[in-house]
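Asks: Residue numbers (my numbering), protein chains in the order written: chain L, 376 to 769; chain R, 376 to 769.
Just so you know, these hints were derived from the structure itself, not from any lab.
You may find that some hints are simply not true.
Note that the list lumps identical chains together, so a pair holds whenever it fits in one copy or between two copies.
Said to hold, decoys possible - Within a straight-line C-alpha distance of at most 35 Å, the following computed DSBU-like cross-link-like pairs (lysine-lysine) qualify:
1) Lys736 - Lys524
2) Lys455 - Lys659
3) Lys634 - Lys466
4) Lys499 - Lys616
5) Lys466 - Lys499
6) Lys448 - Lys736
7) Lys411 - Lys524
8) Lys455 - Lys411
9) Lys728 - Lys634
10) Lys466 - Lys448
11) Lys406 - Lys659
12) Lys616 - Lys728
13) Lys736 - Lys466
14) Lys455 - Lys524
15) Lys741 - Lys728
16) Lys499 - Lys411
17) Lys524 - Lys414
18) Lys411 - Lys741
19) Lys680 - Lys736
20) Lys499 - Lys414
21) Lys448 - Lys524
22) Lys680 - Lys448
23) Lys406 - Lys728
24) Lys728 - Lys466
25) Lys621 - Lys680
26) Lys634 - Lys414
Since we're looking at a predicted model, the values are computed, not measured.
What follows is the residue order along each chain.
Number of protein chains: 2
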Amino acid sequence: MSQHPEEGESSVNDETRAIEEVINAFMYYGKFGTEKILKTIQQMKLFSSSIDMISFFRNYPQDFQILVVNKNKEFVESMKQRIEHNHSILKMIANSASGMIGENHTKAFRIHQARRPTGEFLSKVLSTIRQICREWSSEGLPEREATFKPIIEELNSIFPTETERHNIRILVPGCGLGRLAHDLIEQGYTVQGNEFSYFMLFTSFFILNCCKEVDTFFEKPRVNFLFQVDQFTIYPYLFDKSNCWKSEDRLRGVTFPDKTLISSVTNRPNSFSMCAGDFLEIVKDTQFDAIVTAWFIDTANDIFKYIDAIYDALPENGIWINVGPLTWHFEDIAGEMSIELPYSDIMLRIRQKGFEIVSEKEIDSKYTVNRLSMLQNQFNCAYFYARKGGQKPQ
Amino acid sequence: MSQHPEEGESSVNDETRAIEEVINAFMYYGKFGTEKILKTIQQMKLFSSSIDMISFFRNYPQDFQILVVNKNKEFVESMKQRIEHNHSILKMIANSASGMIGENHTKAFRIHQARRPTGEFLSKVLSTIRQICREWSSEGLPEREATFKPIIEELNSIFPTETERHNIRILVPGCGLGRLAHDLIEQGYTVQGNEFSYFMLFTSFFILNCCKEVDTFFEKPRVNFLFQVDQFTIYPYLFDKSNCWKSEDRLRGVTFPDKTLISSVTNRPNSFSMCAGDFLEIVKDTQFDAIVTAWFIDTANDIFKYIDAIYDALPENGIWINVGPLTWHFEDIAGEMSIELPYSDIMLRIRQKGFEIVSEKEIDSKYTVNRLSMLQNQFNCAYFYARKGGQKPQ
């Protein structure tokens, strides 16, 4: 467990503390990066002292010695610049969250005490950066085409008339940085995104809304600010030391967003809302025409509860589209309940619950992969389209 | 750190302790498996108590209720049997090691006190089982074809006359369970395998030699015992709860060895030796005609030392063939030196050292993958064939 900051006032509640922990993790990135660089330099020194540098370099022509030394200096300098740059982006994200959580944000900053976050939280900061690439850069296009596109196409074939789609309410649980939700809005649907992680919520808020929130989150407010395509750059691969073909691969930047955001277009008949919190809580007493679970169902402690909640939140003939692997998030996590069922048992339960499986297929997709790495994690995802009640689809 | 057993006698040295730790890990497998099953049962109970079982099952026809209950019972029973079976194989491996390390084995068993191994050691037992599949079952054929076959073909095209190959001495560092070394023997070369891990050494000894060691390691000695193709079965996927399509996938067995072992053929002109220990130590003052590093160079604390050692152990025009990714084993391991260079910097150093790169390519390969899992780790491996001294190959 990470240490809690001192309680500043009696009104500091658990949520404020949770927010402060996330903000602390975002804000620590610069220092984390510096630690990483220092470690590399120390290792190089360890290496230098472990051998006789003079005899080592005797093998090289003098030009080469200068090249190696300069190349390393240049590389470290490039790393530093990019770490600072990433840090400034993460700071913007942490600051912009005020537009989303208001008073809690102010309180969190008031009690904030800079400290080293847990390894888990640091790794969440790094994966947030990777998630920006996956969802909002052209680098992530192959991953989005693999699993988001089939969902959108399926829905569009069910609802072919675009002008009527604003009546179709779709829920996207675990929507991450909101790209799938956003692209469904673009197709005309009325969409509610749902997300539990503040790392994702703050970052999606920054990407989706900051153009409307110009006065609050920039240190120097800019009027009429609008996101432009590829306006921002982020460096997601700086610390990918293993499985690297060449140093330059680690330095490359990725621009985002890769398209003009729909939030900059006003007067649409359909609406977009984002709901923070636990999926099982937010679906209570709410109805949707379709629920789209992409890379989501394996976040369940108890998959049966997810199935029940989805069933309850759909009307007769309501649509459930799912895609993703089953990398159970709570497997082997101490103190957490976790039912790691195989796909076939889940489908058995889904059918028994009262869904008809209209179609089922397998889709291969990567997830937040560095395409230049020697390691490429590939998922063989389960995709299905189901209807509540087993009536034939319209 | 795992606890050390009490010192039984003054002659118990570090090596005996190290061996005892590995034997303890092998011997703990059965208990580890039982722990895993108990956890699953507890989780199912937690699940049962968290909902009203009667209303839960009301949704199901009675036949189905019986099916579910029986199916689970049957599954747990199948798991238990297979865990016991794996345990008996691992016990055979631990026992057979006496033929390899003699007195140290006896001492290790004398001081042995059964206890829970570290997580790292338990995970090494599980990966040893996966390694058996990779190297010695037909399940591992695609992985061996991907990276072992190109090496063998390269060598055979350099040394086309099989009857002369016994004069060619090849070193295979980090040879794991010895399959690549074995297959090179089969082609007629004289081969020395080298391995540091006792998990690998004990298991390769069992596979490669136990047919010659029948009197010492079986509890009931069997005379004239010889390994037959597919004689043994092992269950490598029992604990793959995530990314599983159906329960039966976890239960499936893999048979080994997938071929008649060359060690059962006598009177060959070429010889096979296996050398336990640190690669950097064992290559000192030894010469080989070729060194084959497959999935090995990223085990280095200091890759420069590996390059120097390979250079020193080869004659002018000597051959170095390498294949594998760069998943640096000591990255982020506290207290360990680690230089995580990208491939291009390694190649720069190799050329500077005095190798000519004859050919270079990329090879895609998986590594100890469960082919029925939703997760398929794919490596984009670097392959090169180099010659010491930069003379054109013959």
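Asks: Does each hint hold? Answer for all of them.
Replies: Hints versus structure:
Both within a single protomer and between protomers do lysine 736 and lysine 524 lie at most 35 Å apart by alpha-carbon distance, with minima of 14 Å and 34 Å respectively. For a Cα distance limit of 35 Å, the shortest separation of lysine 455 from lysine 659 qualifies neither inside one copy, at 47 Å, nor across copies, at 41 Å. In the homo-oligomer, the alpha carbons of lysine 634 and lysine 466 lie at most 35 Å apart inside one protomer (23 Å), although the nearest pairing across protomers, at 60 Å, exceeds that limit. In this homomeric assembly, lysine 499 and lysine 616 come within 35 Å of each other (Cα to Cα) both inside a single copy, at 18 Å, and across copies, at 24 Å.
With identical chains, the CA atoms of lysine 466 and lysine 499 are at most 35 Å apart within one copy only, with a shortest distance of 15 Å there and 41 Å across copies. In this assembly of identical chains, the alpha carbons of lysine 448 and lysine 736 lie at most 35 Å apart only when taken from different copies (30 Å versus 51 Å within one copy). For the homomeric pair lysine 411 and lysine 524, neither the shortest alpha-carbon distance inside one copy (38 Å) nor that between copies (39 Å) is at most 35 Å. Within a single copy, lysine 455 and lysine 411 get their C-alpha atoms as close as 10 Å, which meets the 35 Å cut-off; across copies the closest is 45 Å, which misses it.
Within a single copy, lysine 728 and lysine 634 get their C-alpha atoms no closer than 40 Å, and across copies no closer than 49 Å, so neither meets the 35 Å cut-off. For the homomeric pair lysine 466 and lysine 448, the shortest alpha-carbon distance inside one copy (27 Å) is at most 35 Å, but the shortest distance between copies (53 Å) is not. In this assembly of identical chains, the alpha carbons of lysine 406 and lysine 659 never lie at most 35 Å apart, being 42 Å within a copy and 43 Å across copies at closest. Taking identical chains as interchangeable, the C-alpha atoms of lysine 616 and lysine 728 lie at most 35 Å apart only when they sit on different chains, with a minimum of 23 Å there against 47 Å within one chain.
In the homo-oligomer, the alpha carbons of lysine 736 and lysine 466 never lie at most 35 Å apart, since the shortest distance is 41 Å inside one protomer and 42 Å across protomers. With identical chains, the CA atoms of lysine 455 and lysine 524 are never at most 35 Å apart, being 37 Å at best within one copy and 43 Å at best between copies. With identical chains, the CA atoms of lysine 741 and lysine 728 are at most 35 Å apart within one copy only, with a shortest distance of 31 Å there and 38 Å across copies. Taking identical chains as interchangeable, the C-alpha atoms of lysine 499 and lysine 411 lie at most 35 Å apart whether they share a chain (16 Å) or sit on different chains (28 Å).
Neither within a single protomer nor between protomers do lysine 524 and lysine 414 lie at most 35 Å apart by alpha-carbon distance, with minima of 42 Å and 39 Å respectively. In this assembly of identical chains, the alpha carbons of lysine 411 and lysine 741 lie at most 35 Å apart whether taken from the same copy (27 Å) or from different copies (30 Å). Taking the shortest Cα distances, lysine 680 and lysine 736 sit within 35 Å of each other inside one copy (24 Å), while across copies they are farther apart (50 Å). In this assembly of identical chains, the alpha carbons of lysine 499 and lysine 414 lie at most 35 Å apart whether taken from the same copy (21 Å) or from different copies (28 Å).
Proximity of lysine 448 and lysine 524 under a CA criterion of 35 Å is satisfied in neither setting, with 44 Å inside one chain copy and 41 Å between copies. Proximity of lysine 680 to lysine 448 under the C-alpha cut-off of 35 Å is restricted to the inter-copy arrangement: shortest distance 23 Å between copies versus 55 Å within a copy. Within a single copy, lysine 406 and lysine 728 get their C-alpha atoms no closer than 50 Å, and across copies no closer than 37 Å, so neither meets the 35 Å cut-off. In this assembly of identical chains, the alpha carbons of lysine 728 and lysine 466 never lie at most 35 Å apart, being 46 Å within a copy and 46 Å across copies at closest.
With identical chains, the CA atoms of lysine 621 and lysine 680 are at most 35 Å apart between copies only, with a shortest distance of 20 Å across copies and 47 Å within one. When the C-alpha separation of lysine 634 and lysine 414 is checked against a cutoff of 35 Å, the pair qualifies neither within a copy, at 38 Å, nor between copies, at 47 Å.
Of the numbered hints given earlier, the model fails hints 2, 7, 9, 11, 13, 14, 17, 21, 23, 24, 26; all others are met.
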